[in-house]
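The sequence shown maps to residues 1273 to 1471 in the working numbering.
Don't take every hint at face value.
What the hints assert, rightly or not - Simulated restraints, written as ranges between beta carbons of each label pair:
#1 1312 <-> 1403: 51 to 61 Å
#2 1438 <-> 1385: 47 to 57 Å
#3 1377 <-> 1464: 49 to 59 Å
#4 1321 <-> 1402: 47 to 57 Å
#5 1354 <-> 1403: 49 to 59 Å
#6 1423 <-> 1399: 55 to 65 Å
#7 1327 <-> 1350: 29 to 39 Å
#8 1298 <-> 1372: 48 to 58 Å
#9 1306 <-> 1332: 28 to 38 Å
Unchecked claim - BS3-like mimics (lysine-lysine), calculated; alpha carbons at most 30 Å apart, straight line:
#10 1407 <-> 1356
#11 1356 <-> 1339
#12 1371 <-> 1446
#13 1407 <-> 1446
#14 1421 <-> 1371
#15 1371 <-> 1407
#16 1407 <-> 1439
#17 1439 <-> 1371
#18 1339 <-> 1421
#19 1439 <-> 1356
#20 1339 <-> 1439
Just so you know, these hints were derived from the structure itself, not from any lab. No residue lacks a Cβ here, since even glycine has one placed at the ideal position from N, Cα and C.
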Amino acid sequence: MTLIARLSRRSLLMAATLLLAACATGPRVTSDVDPSANFAQYRTFAFYAPLAIESQGYATLTSGRTKDAARAQMEARGYVYDEKSPDLWLNLNAYMQEKTDVVSTPEVDYDYYYSYRARRYFAVPYWRDRTDVYKYTEGTLNVDLVDAKQNRLVWTGVAVGRVGRTKPEERGAKIDAAVSEIFLRYPYRAGSGATAVAP
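Sequences and hints are given; from them, build the entire structure.
Next up, the structure:
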């Protein structure tokens, strides 16, 4: 892979994490859980290696902020960070995709004709469809929790939204907000399997 291709891919991953972050109406968040998983047995966690958001092999400012936000959410639910023997692997991924919206809107217009009998112009309405094409960038942020012993996904949360430009000083708060939105769908506390209280 050429240096330009690697830099382009890295830039896309970083920008995707900045994310959703800039979504005007907030991201659409979904989650899924393995119904056979016993969440009462999970007490510790660590980051999966290699972390999907750091596919180039090194951390970035964006991936660091995303990791900090995810770790804070896990610890707020009573999980303890343990790199040596975690019960759960926490993996993070982000990517962007160019999308197109096509919107057709009916509208009325008028033609005019001259009536020689009435000796004046008349307006005659007619309908037509106006089609507008909008291009935008959609960002996706995934949070996966994997049972470390079985190497099996037990919970996943996904946030999807339109990505816009943000000021550098706003990015951190937007990343925190996107990760928090995802974790609102995670209903467990460490070691109990009971519903978590939102931090």
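Inset, instruction - Note whether the CB distance of residue 1312 and residue 1403 lies within 51 to 61 Å or breaks it. - result: Once the Cβ atoms are compared, 55 Å apart, the range 51 to 61 Å for residue 1403 and residue 1312 holds.
Inset, instruction - Take the C-alpha atoms of residue 1356 and residue 1339, compute the straight-line distance between them, and say whether it is at most 30 Å. - result: Distance of about 18 Å is within 30 Å: holds.
Legend entry - Agreement of residue 1439 and residue 1356 with the hint, judged by alpha carbon distance not exceeding 30 Å: violated (38 Å)
Legend entry - Whether the CB-CB distance between residue 1423 and residue 1399 falls inside 55 to 65 Å: holds (60 Å)
Legend entry - Distance restraint evaluation - residue 1327, residue 1350, Cβ atoms, bounds 29 to 39 Å: holds (30 Å)
Legend entry - Pair hint outcome, residue 1371 versus residue 1446 [Cα-Cα no greater than 30 Å]: holds (22 Å)
Inset, instruction - Verify the proposed pairing of residue 1407 with residue 1439, using a straight-line Cα cut of 30 Å. - result: holds (21 Å)
Legend entry - Holds or violated: residue 1439 to residue 1371, with C-alpha atoms at most 30 Å apart: Within the cut-off at roughly 23 Å; holds.
Legend entry - Distance restraint evaluation - residue 1354, residue 1403, Cβ atoms, bounds 49 to 59 Å: 56 Å Cβ-Cβ, so the 49 to 59 Å window holds.
Legend entry - Straight-line alpha-carbon gap residue 1371 to residue 1407, limit 30 Å: Given that 30 Å is the threshold and the Cα spacing comes to 6 Å, the pair holds.
Legend entry - Pairwise hint evaluation, residue 1439 against residue 1339, where the allowed Cα distance is 30 Å at most: holds (20 Å)
Inset, instruction - Using the beta carbons of residue 1321 and residue 1402, state whether their distance is inside 47 to 57 Å or not. - result: holds (52 Å)
Hints 8, 10, 14, 19 from the earlier list are contradicted by this structure; the remaining hints agree with it.
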